[in-house]
Amino acid sequence: MDSLLQEITVLPGVLGCFVLNSKQKIAGSKMPPIFKENSIQTIGNLIARTIQIGNMAQLEFKGIEIKYNESLLLVTPLAQNALLIIICEPGANKSLITMTTGMLAQDISEALANPMAHQAAIQQQKSATTPQPPKVAVDEAEIDADLAPILEQVKDALAMAIGPIAAPVMKDTIEIWAKQDAPSITTLPALAELLCKEINDDDLEREFMTEIKNITK
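Each step along the sequence shown adds one to the number in the UniProt record's numbering, with nothing skipped, and position 135 is 135.
The hints are simulated quantities; they were obtained by calculation from the structure and are not laboratory data.
The C-beta atom is built at its ideal place from N, Cα and C for all residues, glycine as well.
It is possible that part of the hints are untrue.
What follows is a list of derived Cβ distance ranges for each label pair [said to hold, decoys possible]:
1. Lys36 to Lys171: 38 to 44 Å
2. Lys36 to Ile176: 47 to 53 Å
3. Gly54 to Thr216: 44 to 50 Å
4. Gln153 to Asn55: 43 to 49 Å
5. Ala190 to Gln80: 43 to 49 Å
6. Leu194 to Asn55: 41 to 47 Å
7. Gln153 to Ile176: 18 to 24 Å
8. Thr98 to Thr42: 21 to 27 Å
Within a straight-line C-alpha distance of at most 27 Å, the following computed DSSO-like cross-link-like pairs (lysine-lysine) qualify [what the hints assert, rightly or not]:
9. Lys155 to Lys213
10. Lys23 to Lys62
11. Lys23 to Lys36
12. Lys94 to Lys25
13. Lys171 to Lys155
14. Lys197 to Lys213
15. Lys213 to Lys171
16. Lys197 to Lys155
Based on the sequences and whatever the hints tell you, model everything.
Spelled out as structure tokens, the structure:
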């Protein structure tokens with residue numbers, strides 16, 4: 001559970017998040033130290049009551065967004081009446097957060113339903129995976145020394161759009177790019193175009209391309 005919530009908290013603008021189970025108990029939390037457990041529980045209880053009122057009025061709950069002067073609260077329903085509650089900065093990228101939580105929702109629900117099996121699966125995956133040094137390209141010898149730092153900036157811009165999966169997506173896309181064109185600053189637009197297909201969101205693509213233009217100025 002912690003590792004899944006950590007993937008959300010590393011997103012730009014996210015301050016913390018926690019999961020409230022069907023019994024309105026905190027099932028997992030990655031909140032800043034300033035939020036004590038009783039404060040987190042109080043937030044969860046108030047949100048649960050708000051949803052219950054909606055249910056009494058036969059309103060279908062799909063999510064809640066509450067804006068404050070200094071923060072933004074996003075609530076996403078999970079399986080078995082559990083809730084994922086995320087606290088963000090007001091200017092946080094909601095599209096990125098929504099996309100990331102959508103990808104993680106099933107895993108979080110599975111961790112709630114069977115925490116022991118989920119933890120065992122994580123341990124098995126860790127033991128089967130040999131850590132590899134980070135690579136920004138297929139072959140460092142093929143990448144010009146001037147291009148490598150630019151590709152790191154492109155990867156950072158991609159992370160702003162798609163979150164923690166940016167690194168593997170970047171690696172796979174560079175492999176495709178290297179087969180189509182000789183990697184260079186001149187052919188960088190072709191890489192950006194391939195990455196936009198991976199982003200697959202008009203607003204996020206525009207933001208990403210703006211960052212790319214700033215990088216290549």
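Hint-by-hint comparison with the structure:
Checked against the given bound of 38 to 44 Å, the beta carbons of lysine 36 and lysine 171, roughly 41 Å apart, stay inside it. Taken as a hint, the range 47 to 53 Å holds for the pair lysine 36 and isoleucine 176, whose Cβ atoms sit roughly 48 Å apart. One distance hint, 44 to 50 Å for the beta-carbon pair glycine 54 and threonine 216, holds here, with the actual separation near 48 Å. A C-beta distance of roughly 47 Å is found between glutamine 153 and asparagine 55, which places it inside the suggested range of 43 to 49 Å.
A hinted range of 43 to 49 Å for the beta carbons of alanine 190 and glutamine 80 is consistent with their spacing of about 45 Å. A C-beta distance of roughly 45 Å is found between leucine 194 and asparagine 55, which places it inside the suggested range of 41 to 47 Å. Between glutamine 153 and isoleucine 176 the CB atoms are about 19 Å apart, so this pair conforms to the stated range of 18 to 24 Å. A hinted range of 21 to 27 Å for the beta carbons of threonine 98 and threonine 42 is consistent with their spacing of about 25 Å.
At roughly 14 Å between alpha-carbon atoms, lysine 155 and lysine 213 fall within 27 Å of each other, so this suggested pair holds. Pair hint lysine 23 plus lysine 62 holds up; C-alpha atoms about 19 Å apart against a cutoff of 27 Å. Proximity of lysine 23 to lysine 36 is assessed by CA-CA distance (about 20 Å); at most 27 Å being required, the pair is judged to hold. A C-alpha spacing of about 26 Å is found between lysine 94 and lysine 25, which places the hinted pair at or below 27 Å, so the restraint holds.
Taken as a hint, the lysine 171 and lysine 155 pair is honoured in the structure, with Cα atoms around 9 Å apart against an allowance of 27 Å. Of the pairs offered as hints, the one joining lysine 197 and lysine 213 holds, with about 17 Å between alpha carbons and a cut-off of 27 Å not exceeded. Restraint check for lysine 213 and lysine 171: satisfied, since their Cα atoms lie roughly 21 Å apart, inside the 27 Å limit. Of the pairs offered as hints, the one joining lysine 197 and lysine 155 holds, with about 15 Å between alpha carbons and a cut-off of 27 Å not exceeded.
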